[in-house]
Structure formats: structure tokens, C-alpha cells
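I would like the entire structure built from these sequences, with the hints used as guidance.
Now for the letters of each chain:
4 protein chains.
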Amino acid sequence: MDFDITRTGRAIFHVTDLEASRRFYVDALGFVVTEEDDNHLYLRGYEEQGHHSLLLKKADKAAVEVMSYKVYNDSDLDMIEKAVIKKGLPHKWLEKGEQHAMGRALRVQDVSGLSLEFFANMDRVESLLQRYDLHRGSKVQRIDHFNVLVPDVQKAYDFYNDELGFRPSEYTEDENGKLWAIWTHRKGNVHDQAFMNGNGPRFHHVGFWLPDPLALINTCDVLASMGMADSIERGPGRHGLSNAFFLYLRDPDGHRVEFYFGDYFTGDGDFEPKRWSVHDKTRQTFWGHEAPDSWFDETSPYLHVITGEEVKTEKAKLTLYKPDFTM
Amino acid sequence: MDFDITRTGRAIFHVTDLEASRRFYVDALGFVVTEEDDNHLYLRGYEEQGHHSLLLKKADKAAVEVMSYKVYNDSDLDMIEKAVIKKGLPHKWLEKGEQHAMGRALRVQDVSGLSLEFFANMDRVESLLQRYDLHRGSKVQRIDHFNVLVPDVQKAYDFYNDELGFRPSEYTEDENGKLWAIWTHRKGNVHDQAFMNGNGPRFHHVGFWLPDPLALINTCDVLASMGMADSIERGPGRHGLSNAFFLYLRDPDGHRVEFYFGDYFTGDGDFEPKRWSVHDKTRQTFWGHEAPDSWFDETSPYLHVITGEEVKTEKAKLTLYKPDFTM
Amino acid sequence: MDFDITRTGRAIFHVTDLEASRRFYVDALGFVVTEEDDNHLYLRGYEEQGHHSLLLKKADKAAVEVMSYKVYNDSDLDMIEKAVIKKGLPHKWLEKGEQHAMGRALRVQDVSGLSLEFFANMDRVESLLQRYDLHRGSKVQRIDHFNVLVPDVQKAYDFYNDELGFRPSEYTEDENGKLWAIWTHRKGNVHDQAFMNGNGPRFHHVGFWLPDPLALINTCDVLASMGMADSIERGPGRHGLSNAFFLYLRDPDGHRVEFYFGDYFTGDGDFEPKRWSVHDKTRQTFWGHEAPDSWFDETSPYLHVITGEEVKTEKAKLTLYKPDFTM
Amino acid sequence: MDFDITRTGRAIFHVTDLEASRRFYVDALGFVVTEEDDNHLYLRGYEEQGHHSLLLKKADKAAVEVMSYKVYNDSDLDMIEKAVIKKGLPHKWLEKGEQHAMGRALRVQDVSGLSLEFFANMDRVESLLQRYDLHRGSKVQRIDHFNVLVPDVQKAYDFYNDELGFRPSEYTEDENGKLWAIWTHRKGNVHDQAFMNGNGPRFHHVGFWLPDPLALINTCDVLASMGMADSIERGPGRHGLSNAFFLYLRDPDGHRVEFYFGDYFTGDGDFEPKRWSVHDKTRQTFWGHEAPDSWFDETSPYLHVITGEEVKTEKAKLTLYKPDFTM
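Chains as they are written, first to last, in our numbering: chain A, 411 to 737; chain B, 411 to 737; chain C, 411 to 737; chain D, 411 to 737.
It should be emphasised that the hints constitute simulated quantities derived from the structure, not laboratory data. The reader is advised that the hints may include incorrect statements.
Since the list gives no way to pick out one identical chain from another, each pair is judged satisfied if it fits inside one copy or across any two copies.
Listed next, the in silico SDA-like pairs over lysine to any residue satisfying Cα-Cα at most 25 Å (straight line) [unchecked claim]: (1) Lys-506 to Asp-680; (2) Lys-732 to Glu-643; (3) Lys-496 to Glu-475; (4) Lys-732 to Asp-703; (5) Lys-691 to Glu-643.
Now the structure itself:
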């Protein structure tokens, strides 16, 4: 690869009620507000030095505008453009200044129909890691990963692995040896981007890293004390796959957020991805209550990077396994 | 009251496979084995200076032999005898030496048909609280409470309150103002003995205190790593009632154990018991997944203190509310 | 004993700068402010249903007005009066209404010159235990104990044990078998009141219970982030005596506060107090850095309950052991 | 850079009493023993899939044989050889099979006299991350970093940065703008290799990552319960630099081990290293007791990679600042 994608960068969510979103993300979960106006809420975790890792935009309809990755150098963006042109993928540039607090960005509709963005520069802000006097709620540290449903996991993975340089950490196969789900990374932990077999492309969740397991328990306590216990969809529990101590929340628009703690280093050159059978119950849930149907069935749509229209979905190529679907 | 019941003392469980019990309580949960022989396993928590707080006896059938309370002085036992004679309750003495490691004990079949025991003295052993090198598994600290189903909660409570001096901390009423469940204590935290409306008398669970919330999470991790995740019946979650961070386990014979952390001081003279409506959802579950049916339906039988036969049960006097039953 | 002292009730500190105290106790440590005016700050922990457990009064000079214990019934106060009259101790009544939010209170100058108060009733307020959305800082739960220096520990203990009913949990003896320090309780954990050999009577510290060990670590982080790391005098560490995970802080007037977690149940009738030699290094510090000189040398004076003058001190009767003094 | 050093790989310590080392590292701290014989102890953390990250060799004298880094591909080793030949540095190859469980390794005496090793392959073993039933003691997860004293930090850093590709995360300057200490990384957290101004080259410590803050507290408890509290040299505390919650231990030969938790992601292309003044007290200790003299003065010697003799040291070029030396 002649470019270097560093990590998961930011998510842009369209939300229908910014006040409700603020109450959930800021008042309850304790996300840091870097900036806000009538139509935008720029949020980050306490250690983050990028301007934001979650951008909420007021809109008529809930959707995911893009999943965005940070690259090492600005020139990496030009190399990525070459790769997407070679693949014939729809794409466009947003120049520096077109997006608040951002350098130029390349937006791409990928082979699975996912709406992607790549950027090298975002305004740098002060890390609040040692401003413990300001830490509240879930004490969110930083963005960690995205997880999506795609109809053809093998195809999605081939693009991310061959063309973008994402490395596999763990994966699930069905009984025919077909790739059913896969976790891929750039930054050296379990994932920056996961793909699960499903009707898609649809967005499943964005994951944020918490500082310790008690911050995850405290998330539940704070939500319950504010009358928002219903926003807890699944967990606390531990995934077999990734080893994460997890909690899944639904925001007021139904976007799903995972709070995540406890995976491991995956950056070795001789690291061997871990294989799971789709029928292994401990894969999804090492321990923890059964995931509710909503966790499998409810997801967010993508908006096309050129047209802005909701991206059409296709049926999953492989069987949907709900009882022990995936994490 | 002219006697002083100090606290929940010990549970005696009949179990059918002592090896399976040992694997669960000792290998997985890390209970301390004070002593054992072919037919008995004497277990305690790390801070306990009593010989045991959980006695497992090999038997043909799973059952609860007694729930046992510790009194302050040996002479308190005589006063309790007077009280039970006055109430005409079946009772008997087990003299010092009849039970291993125990002083004399008074056994009583109470007004609800519950099999009780009272004792003042049990062999004292070394506290292992500061033997951190030995702490394993769930790092169980000490026994905390019993919880039972009785057909007439008001009647059960009146006996415990009026005759035995248990003080109420929290309680649940139905829409007619009838007492549906109540938590009572002697030692100054939320409970030593709880009663819930149900077909009974049946034993619901014994609660043990853990040293911190992570020990509860670690319990789940250890059980899962040993292939015993199925023994987790409910939790982790937080009860509204009692504020406990809880985890319910089922032992190999189906006896239920609660791991419990985080209630509060209830010993004030002007303490006012907290009232909950049976229809308040947050009462049972401040947050956490829905309790499975087994949590409501499956309980352990008592053995009669005189005959040794299984105690007959009666139908609950009040409506059974499953969706938001109680904790 | 024909009366029942329930527990440590409240401390009243005279402080010279209420704004500085507020910044320390409220902004940094997260104590709940029940009420405040220009001259008073009424503070409590998150689970407490009493109006306050720490009262700060603006004054010209830092001092301890009283250490106050809560009794079970109002009539217990009359019985205590009889006991202090029998001992010929200076005392007076403050009638209901003389002190804000308080019922009548009996103030006593005890045999060691300590300024004591006993009360049965204080205004009841809402517990904030389940208002996790409000918990901040150290998440202080409740007041736990007092620790004082007295010149004659045996004499102080005899009064508390024989006349007031405090039970011993752990104690320290010197090489001649003299009582060098002792921890006594009413509520069933390690202490409500500790006495250490020293020039006195002087107030060493008030202890508050934290919800878990991470709240103690977080206390350090928050203080450091506010530029107040210098208020950490000793710890984190673990005491051999009591097993507490501890942290000692000095407030802006030099009053000492201990944050405390992890002792054990002491309420058994056959509980045997644990003896330590004054020369056992693990007694004071199971692990942790050496205590600084200030911890031994700096204490707060008492004000006489009748005259309001600072109470005169006497030399300690036994040797002062600094290197491994006591906790 | 035309090669890719992945991360800190392993330390090789010479120890004089393997039984004492085993008691410390295995019995107390809970390191996993992958293999052992009369002269070697191969240790790793619970998540590690490399055969070992700490190799203890029985020897007459305590010393550090090498600090070893893992590279991505075997061919990277040839490129590193070219770089060290260009710099005229002493080096040699150890072929596959010469060292147990290892592929070929390149050993280098670097510009500061540090004894280095580079390898691509080590036998892969099972991760025990999800064998929670086996986790004990400190629950060590993985090796994290090395910290050393060198007489010329600028020179040491220039070599690591220019020739080996280590990126700076935080650094300390003296009042003349001279580089006094620096933290550099390859794997995207605060450090794989730190350099501090001092008489050197001498080895200061190897850092291991713990799973959560309570594992660090538990380390102290377990050591104290085994009578080894004296092996705790410094901490618990938090460094300003790196934000780590830290604990420093001395093994039976005086080698220093840091247990470490809580730094942050440093892999962004526009990451700006954080500058500290050597006179900033919060740099070394955000909070925590003063470091003892031993922490500054006592270090381990290196053995020359060619001669096996102890490497000679030189005086530090810059002033030694003890009161607020560095972390």
C-alpha cells in the first residue's frame, strides 16, 4: 500500500432533534462538546485532540452521512483517490473550508455501497485526558471502530484488505467456509471496521473506548437515574470475539453506539486472525443476556456521497443467523 | 425484644453431586473450603471468622435444610425458644456437638412453614481478608441475606418483625395497599431476610457480599471461561430496590445464589422504610435485562425441621406479577 | 447499656474561609450541599438521609466544635445525660431549634476532654444514592468514623466501652501490654471512634466511606487536575489495621479527612478484637508509602462545650512511636 | 524508513536466584510460565501470543542482556543490519535455533551503548486472554515499553528517530531548551522506548500493561500478603507525562518493573509531541508520593552484545534533577 490509513476518524449522523441528542450524548453520556450551533453538535472523547469524532447534524430524517477514516499524510488522500478511480467508484472532494474544522476530504461510495470519507487534517484541540475535574458520565476516551451490515462480506473485505490495507483480526465462517463476518483494523487493536453478513449496506454501530469497566457500569446507572434505561439495548456482557466488555445503546434517533473496553494488541507481523464458526455460541456472547431482535434487525441507512439519497440495500448473500448472529 | 439476632448466619443446602458443587462453588466462584469430607463441604467467604456460612450436604434430593441466623449471646436462644413456644411453633434443639463445628442450635418451623435455625456459637477460624494471595474467583466476602417466597407476606413479616425484631428497609405494595414483598434486616444494611409474595414457602436465594463491582464482572468471566456461562441466570444489573449491583447464579442443583454489592446503611432510629408500587418497573430492575421465567418460577423446597419431609406449599394470597415481579 | 448509640453522626468544623472550603469539599470532592448560607455549609454523602454529616462554620480560627453521635431514640439522650452526670462531666442541652435542622442535642466534655454531642433527630432529606446523574468527584457515600489523639487511651476507652457501649474491633499494645490505640464501634464495622496515644485531646480525622476503590483513585486525579494535589497527605495505601484502602486529605484549614473503603463486619457476639503490637510495621501500613511527619504531628483542637475556649492538651502517657505510629 | 519495527518485544534479564525470581514474578505477580528449565524462565502476559516477553536467565550477576524489539517481517532485519552497518555499530546475528523458541535475531550495540536485539519471529502460543479461570495476581496483559538512562538523550533519540523510525510522544527540556528526556513509540501509544538523562547507559525499567486500575491495587495487596511489600518502590500514583497510573516494583535482583495503565493513542500523523519543562513538578508526579532516591540512583547494567562484558557508563551531559527528576 502506498498510503497509510491511520484509524477510525469520525462518524457523521443525521439526527432529527438536536436537543434530544444533546441530552443523550452530552448530559447523560458525558461526551465533550467542542462546538455547537443550531444545526450541529461537534462531540469528542476526553483524550481526543481532533476537533470531533462524532458530528451530529440536524436533518429531517435519521441517517449516516459518512463513516470517516483519518490518514497519516495529506498526500495519502491523492493515492486513495487513484485507488478508487481504478475501481471506478463514485467519489468527490470536499475542499478545506467546505466542512467546519476540517482539511480537505475525499468521499467515496465503496464497492458495498458504504458512504466513506477520508481526511488527513482536522483542527487540533486540547486533550482533556488530565482534566479529571471535567470527566463526567461514561468518561468516553476516544472513537474506536465502525460495524456495518453488507450483503457480501467477502467482497467488502477484499476491497478493504486489498485496496485500503485493513488487516483482519478475527472472522466468522459459515458451515461452507464462506466468510460470514470479519473484523479488520489499521491501528493495532481488534478493529477499525467490522463487516457482518446482512441486508445492506446498513450501519450497525460506532464504538467508543471507555477508560475502565466501571465507566461502563456507571453508564447504565446514569441512564437509569435520568429515566433513560430504555436506551440500553444490550449488555453489559463480554463478546467472545474481540474479548470486549460491551454495552450497546440506541440514541434518540435509533443510531447505535457501543461502549467498548478490553480488547488486545493485533499489530504483530505474524498475527494470525482468529477463526470462529457462525454456530459457536460463545463467539457473540462469551457471557451476557441474549441480544434482542432489535439488535439484529434495526440499523441506520447511508446517504449516497454524490446524490445525498438513501443508499439502496440488497439481500444478504449468506444465511442470517439470529440466535447466535454476531457481535 | 429481650434477645438479639445479629445477622444471617448460614445456609444448609442438600446437593446431589458434591463434586459438581465443589467445581461450581470452589473452583469457579472461589469460596473458601474450611473443611470437607465425603458428605459435606463447609464453605465461607474471605473475611468470615465463622467456620462456614454455606454448608453443602450430599443427599438424594436437592433441598434447603435450614436458613440459619446468628444470635449475640447463647442465652438469646432460650428467649427465642420462649417466643416460639408462645406461638406454638414446631421446634427442637440440636445440642453442641450434634452438628460439626457448632454450638447448640434451635430449629424452628415458622408461621410460614420456613425451616429456621438459630445459633450463638460456631467455631471461629482465621479471617483470610488480608491473605490476598489466596483470593480467587469472585472473592466472596461474607454471607449477606436470604430471600424467600411465602404465600402471605404480611403474616411472615409480622412474625419476623413483632416476634424476632427484624426491621423493614424497603417494601412493595399492590394496588390495594397489601404488602406484596418486604426486605427486613438486623445488621444495619438492606436485608438479612426478604419475603416475596409467591407459592410457598420456597427458598429463592442466598445472597453473598462481594468486595467491589469488578469481582462481580470477573465472576461472569471465570464462569464463561470454564464453560459454565449457563449458570448465570440474571444480571449483571442494578436493582431499584436495595440499589444492589446484582448477579444471580444457579448451582448444579438449581439452588440460587446472588452476588451482591452496593446497598446502604439502614440502622438509624428514624429510618423510614421505602415504599414501592408493585407496578413500578424500576423497583426490580433499575437497569438490566428482563429476568427470565426461571427466576420467578424455580425455587428450592424446605425440609421440615422435625420430620425432615419436604414442606408443603400453599398458593400465593396476592396476584403473581411476573413482568415486574420483584427482586 | 440502657441506651443505644447508633453511629457516628456528624462533625462540626470551624473554618476560616468558607469559599476555600467549598472549593475543596464541594467542587473537588463532590460532597452534596444540603443547605448553605454566609456562615454555614451543610454537607452530606450521596446515600445519606440525614440533613448533613459535616457542618462547616465560618470562624476566626480553625477548630472542631464537636464530634457528634446519633442515638436510636430521643429518650436515649436522657439516659446518656444520667451517665454523664454520674461521671460528673460538663454538659449542656441544645434544644430543638437552637441548631438548624436538628432536634435537641446533648453536648458533653468527656473524660479525655473531647467535645461530644449526642442527638436522635436531624431533618430527613432525600437519599441521592440512585441519582447517579448527580454523583461527582469522590462519590462520598456516608460518614464512617472519627479518630482522635488522647493522652490516656485506656481511660478514654474505658469511658466509651463501659459507659457508652462502644465495642472494640482492633487494638494496639506497647511492649508492656499497655493499650496504645484502639478502634471501637457501634454500627458493626471496624469503627465509629478510634483513639490513638498522643498529646491530646486533639482531633486526628473524620472518615467517610467511598463506594468503591476507583472513587478513591479518582479523588487523587480530580484534586491533581484542579491544582490541589498538595491536599493529599498520605495514600493511597492499605492499613493492616482495619484493612481499609485509605486516602488522607487536608482541607484548606488543615482539618484531616480520610476516604475509606474495604473494612469488614464486626457485629458478632463472639467477635474477638484483633491485637497488634505497636512495633508491627504492617499494622499501620499493610502497603503504601511512609506517612509524612505532618500525619503524626498536625491535628485540630477542640472547643470546650461550655466555655467555647480551646481545650487544653496533656502529654501522651505512653511513648510516641513515629516510624510506625498508627493509622 | 524501509523497515517496520512493530513494538517492544522482550527483555532478557540475568538473575542470580531463579527460585526467588519465580516466587516474585510467578507466585506473586501471576506472570504466565510458558516454559522453564534449571536455567531459564520464559514468562508472558495473559493476552500474549508470543512465546515470552520476559526471559530470566540464571547467572552469577544481575544484568540486562538485551532489550528486544519485534519487527514486522523477517526481511526488515536485513534492512536494520544495513542501517547499523552504515552507522558502524557493533552487531551480530543469532540464527534461528540458537535461541530457544526464536527465529533469527540481530543484536546491536547502539550509539548510546545500549544492548539491543531485533527479531521478527518467536514461537506463537495460545493467548490466555479468555482463560479468566487462570488469571492471577496482577493479571499482566502484555509487555509495553522500556525506559533507560543515557548520558546524551539527544544523541540517543536522533538514532532511534532518524535511523529506526521511533516517533516522539512527550518530552522534557531543561531551561536551555536541551532535550532532557523523551518518550518514543512505534505501536501507537505513549512509548515503546523512553530515554532519560542520566549516567548511562543503564536500564531503568520494563513496563507491562495491566487490564484495569484495580489489578494494580491488587498487586500491592498480594505482595503485602506474601510479606513482599518492600518490593514496591514507588506508587501507586499517576504520571503527568503519559497519564499512566503506575506502580514500580523491584525484583529480587533489583531489576525494576513498572505496572502501567491508562495512556492514550499517539498514532495520528498530525500528533504533536507534548513538551514539559524539567522543572514542572506535575510532569513526573501528577499525584503520588515523592519518588525515593533508589528510583533515581539504582539501575541495571547492560552486557555488551559482542563481548558479554558489562557496558561502561558515562556521566550524564545535562544536570541531574532529583527532586523532580522524571518518570
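Structure-based check of all given hints:
1. Within a single copy, Lys-506 and Asp-680 get their C-alpha atoms only as close as 39 Å, which misses the 25 Å cut-off; across copies the closest is 16 Å, which meets it.
2. Within a single copy, Lys-732 and Glu-643 get their C-alpha atoms as close as 16 Å, and across copies as close as 21 Å, so both meet the 25 Å cut-off.
3. Taking identical chains as interchangeable, the C-alpha atoms of Lys-496 and Glu-475 lie at most 25 Å apart only when both belong to the same chain, with a minimum of 24 Å there against 51 Å between chains.
4. In the homo-oligomer, the alpha carbons of Lys-732 and Asp-703 lie at most 25 Å apart both inside one protomer (8 Å) and across protomers (21 Å), since each shortest distance falls under that limit.
5. Taking the shortest alpha-carbon separations for Lys-691 and Glu-643, both the intra-copy value of 19 Å and the inter-copy value of 16 Å come in at or below 25 Å.
Of the numbered hints given earlier, the model fails none.
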